Structure formats: structure tokens, C-alpha cells
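> These are the residues of each chain, in order.
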Amino acid sequence: MIHINITRTQDDHQNIAVPKAAKPLKILIVDDSLILRRNMAGMLLSMGHTVAGEAKNGNEAILQYMQLKPDLVTMDITMPDMDGIAAVKEIRAKDPKANIIMVTSHGQEEMVISAIKAGAKGYLLKPLDAQKLSISIAKAFNDDVKKIVPSSISHFDDIDDIVIPEF
Amino acid sequence: MRLEPILKSMTDNSIAFLQESMEITSEVDAENLVVQQITLNRHTAMIGIGGHLNVLFYIVYEEPLLDYLTQVFAGEEIPSEEYEEFKISAAGEIANIIVGHAIAPLAKQGETINITPPAITEQAQSIIRSKCHILKTKLVTSQGAMCLYLIGSDTCSDLSARDYL
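These protein sequence lines are chains U and E, in that order. Note that this note's numbering has the first sequence beginning at 1, numbered continuously upward. Note that this note's numbering has the second sequence beginning at 168, numbered continuously upward.
There may be inaccurate statements among the hints.
[To be verified] Covered stretches of chain U, going by a simulated chain E footprint (3 or more residues, C-beta under 8 Å): (1) 25 to 35; (2) 38 to 52; (3) 59 to 71.
[To be verified] Once the Cα atoms are required to be at most 16 Å apart in a straight line, the calculated EDC-like pairs of lysine to aspartate or glutamate come out as: (4) U:K94 - U:E60; (5) E:K305 - E:E229; (6) U:K56 - U:D83; (7) U:K26 - U:E54; (8) E:K275 - U:E54; (9) U:K56 - E:E229.
Hints listed in this document are in silico derivations from the structure and should not be mistaken for laboratory results. Computed from a predicted structure; not experimentally measured. Every residue, glycine too, gets a C-beta built ideally from N, C-alpha and C.
Just chain U, same shape as in the assembly (with noise of 0.2 Å):
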């Protein structure tokens, strides 16, 4: 094991109570970061959420979406060999009812209205941290949220503004 002079958590890092799942989900992660899939993996697990598996690019992501059945993917959107708005668009024509939510940099804006289009239920910004996953997780299964796109960066910097597709 590495052991570098670090003494806090993942916890104490975000300095938040993990939030737990009214109802646990089987998710699929899909990040060509292994560091960032290990991070959100970390958080689903202390929320109550299944881990279903891990794909490191759009290809992958397709082929474990259909192996797998999740009831929720994680989808990176920067990715070599498939990006994921590629993956959104072959994942929800398999599937219609797939449950995609978009992780994304800042300043990708533009390539999240292009996955929201294809189908994606909603995104969350980097860097991750387990308040924002909730409330992303939630608003993805929650039908009754105001539909919004976001049109300008300040709308994008806001999580309440999480994006429910109404195509």
C-alpha cells in the first residue's frame, strides 16, 4: 500500500454528511478517469447504491449497458475512442427508457445540451462531491422537476438547475 501524510477522509474532504438513497439503484459508471470512477464508486457505495460495473469509454458503456440492465449510468462526456454523447445516443435507441445522467467539466455546456437532446436525464459538474450526486440522482427519477436546458454558463453554475429532458 502507498501511504503518503494525509490524515483526513473522502468525508472530511467534502466536509458534508453522505447522503443515503430513499431507494438503492444499480449504477454504471462510465469514466475513462479510474481515479474519478473509484471517487464516484466511493459514493455510491456510502449512499446505499449498487455498483453494477465500470466502463472506461463509449464502447464499453454500450456493451455493459446491455449486459448489465442499470437502473442508472453515470456518464462521462470527454472520452477516447466513443465520447459520451455518442454512448447516450446508442444506449437510448437500445433502450428508451435508460436512465443517463451526463459528468462533465465546466465550460462543456454546449456538449451537455447535445446529450440532453439525445436522451440524457441530467449532469453533474466536476469535480464531484456526494451532495451534488444526490440531488443529480434524485432529480433524475424525480418526473415531476421543472424541465430546463441550460442557455448561459451563470444557469449552467447552478445544480438546482439540473436538466430534465422534455424531447
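Since the structure of chain U is already known, use the hints to place chain E on it.
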């Protein structure tokens, strides 16, 4: 677009990210230096930035700092057999987050600025560009330094961010 405001945005967002997400204070040691050469350590992160910016962005981490950032980012003990992959992943993802935040205010209205997935160097090497505009800013922390570089690729016909997009 001039490189200085782009690098300033990268610098400001790097300092904010280190403070807010990694809880480590950083200070600018040298800012907007014009250099002819970039010495790339192992684990240097490179991202191509498109749109009207069209630049290449590098973060060269000192190893102790990258070790620290990897550990904090992971938030858990890292198995030794996976440590190298975690480190590569952290180097790239930190660059990705910084660039994403830094370019948002620089985009023209309605413009999409594509960025490449981060590429990580596997061994030390140098880039020497006698005719290019290369800017450097150095940030220092208690765990080591990191240098931010921008190459303005409009002036380098053989090296363009668009080639990577």
C-alpha cells in the same frame, strides 16, 4: 486571442481548485514568463483547447505534489499495484477540471470550445519552439510546485490544438 488572459484564467482556476478541492494553498512564483522550451516530466498532462483559443495547455507537476494530489483526490488508500494508474488518472483529471473551469468565461457567446481528453507523458522530454509563443506560470505549494504552460498554436504551423480535436 492573446495568451496572457488565457493563462491568467488557468492560473486563477488552478489556485482555486487546489484550495477548494485539494485544500492546499498555492502561490504564484513566476507569472507569464516567455520561454523557448518546456521540459516535460513524467506525468505531465497535455490538453488541446479548440475554438477561437486554439492553444495547447500543459501542467508539469513536481512528483511530491502529484503524489499528494493523487492521494487526496483518491480519498482512500491506493493499492500499490494500482498506484501508477491512479497517478496518471489524477494528473489528467486535475488538468481537465482546471481547463473546463478556465475556458468557460473565455468562450464567445454560443461558441463551443472543444477540449481533448488529457494526454499524459510517460517519460521526461522537452519541447523546444524557437518560433512559438510559449508562456509559463509557476505555482508553489508546501508539497511541491506545478508549472502551467500555454503554447499558442496559431504561430506554430506544425502544432495545432485543432489537430488533436
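> Would you mind marking each hint as holding or not holding in the structure?
Okay, the hints, checked on the actual structure:
1. Only when three residues or more bring their CB closer than 8 Å to a CB of chain E does the claim for the segment 25 to 35 of chain U stand; here the count is 4, and the claim holds.
2. Coverage of a stretch by a chain is defined here by at least three residues with a beta carbon nearer than 8 Å to that chain's beta carbons; for the segment 38 to 52 of chain U and chain E the count is 3, and the condition holds.
3. A stretch counts as covered by a chain when three or more of its residues have a beta carbon under 8 Å from one of that chain; for the segment 59 to 71 of chain U and chain E the count is 0, and the coverage is violated.
4. Restraint check: the Cα-Cα separation between K94 of chain U and E60 of chain U comes to about 15 Å, which is no more than 16 Å; the hinted pair holds.
5. For the suggested pair K305 of chain E and E229 of chain E, the alpha carbons sit about 11 Å apart, so the restraint of at most 16 Å is met.
6. Among the hinted pairs, K56 of chain U with D83 of chain U is consistent with the structure: their alpha-carbon atoms are about 10 Å apart, no more than 16 Å.
7. The straight-line distance between the Cα atoms of K26 of chain U and E54 of chain U is roughly 12 Å, inside the 16 Å bound, and the hint therefore holds.
8. About 36 Å separates the Cα atoms of K275 of chain E and E54 of chain U, which puts this hinted pair outside 16 Å; it is violated.
9. Restraint check: the Cα-Cα separation between K56 of chain U and E229 of chain E comes to about 27 Å, which exceeds 16 Å; the hinted pair is violated.
When the structure is compared with the earlier hints, violations turn up for hints 3, 8 and 9 and for no others.
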